[in-house]
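J.: Sequence:
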Amino acid sequence: SGALAPATLRVWAAKVADPLLAADARDVLEALAAVPACLPPLHRLAVPTLSGVLAAPDRQGPMLVESTLDLLGGLLKPAAKAEARAAHAACFRHVVALAVTSDDAGVLQSAAECLRAFLRSGGVESLAWGVDGTGGGGEVLRSYLDAAARLLSPSLEDGASAFAAPLLGQMLRRLPGEIAPILPEIVSAVVARVARARQPNLIAALMSIFARLAHADCDALVGLLAQMPVPSGDEPETREDGVAPSRNALELVLRAWCAYQPDVQGAFDIKLTTSALAALLASGNPALDAVGVRGELVIETGETGQRAIRTRAKARATGPDRYTTVPAATKILELLADAVLEAQEAALAGGGGGDDEWESEGDSDGDDDGDDGDGGGS
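Everything in the sequence shown is counted per the UniProt record's numbering, starting at 1 for the first residue and increasing by one.
Since the hints were made in silico from the structure, they are not lab data.
The reader is advised that the hints may include incorrect statements.
Distance windows between CB atoms, simulated [as the list claims (entries may be wrong)]:
id, residue 1, residue 2, range
1, 185, 263, 20 to 30 angstroms
2, 3, 188, 49 to 59 angstroms
3, 123, 10, 28 to 38 angstroms
4, 299, 198, 18 to 28 angstroms
5, 154, 247, 45 to 55 angstroms
6, 327, 59, 29 to 39 angstroms
7, 106, 154, 13 to 23 angstroms
8, 56, 350, 49 to 59 angstroms
C-beta atoms are modelled at their ideal positions from N, C-alpha and C, and glycine is treated no differently.
Produce the entire structure from the sequences given, and follow the hints as far as they go.
T.: Structure representation (structure tokens):
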């Protein structure tokens with residue numbers, strides 16, 4: 001790689017705005033990184049260059065910062081601890097700074113993915129490396145929390161906030177002991193963002209956080225949410241769909257989860273959230289019967305008993321569609337039945353495939369270590 005890597009890195013930097021050339025150059029560099037003998041010299045060559053770009057993002061050309069974050073994340077995938085620590089010392093603080101200050105959705109997504117790569121490659125040991133590689137575990141954990149908090153900020157668009165879910169999922173997976181003392185605060189922040197969210201993809205993505213917690217301890221999650229109030233001003237006093245406003249975070253989360261489970265994307269997240277719903281149902285927690293969620297659409301009938309035609313004028317006069325209210329346990333059972341039918345149809349059609357060791361593009365938190373096969377790791 002002595003001649004190939006420097007030349008490819010120069011092509012990547014010069015042609016970063018060209019999607020074809022930049023992608024090809026990145027593929028070559030990541031292929032070199034996958035060769036154990038090439039990895040250390042490639043890191044020594046590339047990391048200082050990448051760090052220089054990330055340290056001065058305002059002086060870079062279009063696309064270079066985002067592409068740099070993507071390349072750094074790709075080089076961290078096969079990195080051993082020595083390379084991971086060197087990259088952490090050179091780049092971690094710059095990636096965090098971008099995550100907490102940038103308003104560019106592409107940069108935020110790439111920064112969140114890069115932070116996940118740091119967590120994967122360094123694990124809990126990286127907390128002792130310090131933000132600049134000189135030691136100080138609290139600073140590193142605080143940096144991850146600051147990045148997640150920024151991504152959950154209501155000042156960001158829903159599309160950008162969706163990147164918080166995979167980062168928080170990785171933190172719960174890699175740092176469970178360190179996160180445990182502040183878990184209520186993290187859950188409260190996620191609940192607040194769910195309450196404010198309007199885009200289905202964001203709500204569905206955030207459900208993966210509750211899914212991981214459900215796999216860890218269903219009753220503890222239910223108890224925590226039941227005691228947590230709904231953020232004031234985030235839900236209307238009277239809901240248009242006929243379901244009563246949520247009295248606590250448990251009602252808010254269960255209603256959102258049941259409504260937006262069909263919007264969950266990615267094979268791993270679908271497996272994770274579906275199996276978490278099954279775990280909740282299997283727990284037999286009585287709260288699932290006490291919480292009412294949206295059921296079926298109420299069908300209006302005319303004088304003849306036939307379904308009435310709903311014109312725009314009639315909709316304006318009578319208001320929006322109304323739905324029945326059913327116990328959360330009943331709705332969960334319905335969702336699980338739908339999931340079984342979809343799995344059977346996919347099997348008959350010859351679909352389905354294994355999870356990648358690192359997640360596919362559509363997954364928010366793939367089976368990166370091969371030990372999440374039951375969807376239950378957290």
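J.: With reference to the structure, classify each hint as holding or not holding.
T.: Against the structure, the hints:
no. : hint                            : result
1   : 185 <-> 263: 20 to 30 angstroms : holds, 27 angstroms
2   : 3 <-> 188: 49 to 59 angstroms   : holds, 54 angstroms
3   : 123 <-> 10: 28 to 38 angstroms  : holds, 33 angstroms
4   : 299 <-> 198: 18 to 28 angstroms : holds, 27 angstroms
5   : 154 <-> 247: 45 to 55 angstroms : violated, 22 angstroms
6   : 327 <-> 59: 29 to 39 angstroms  : violated, 58 angstroms
7   : 106 <-> 154: 13 to 23 angstroms : holds, 20 angstroms
8   : 56 <-> 350: 49 to 59 angstroms  : holds, 51 angstroms
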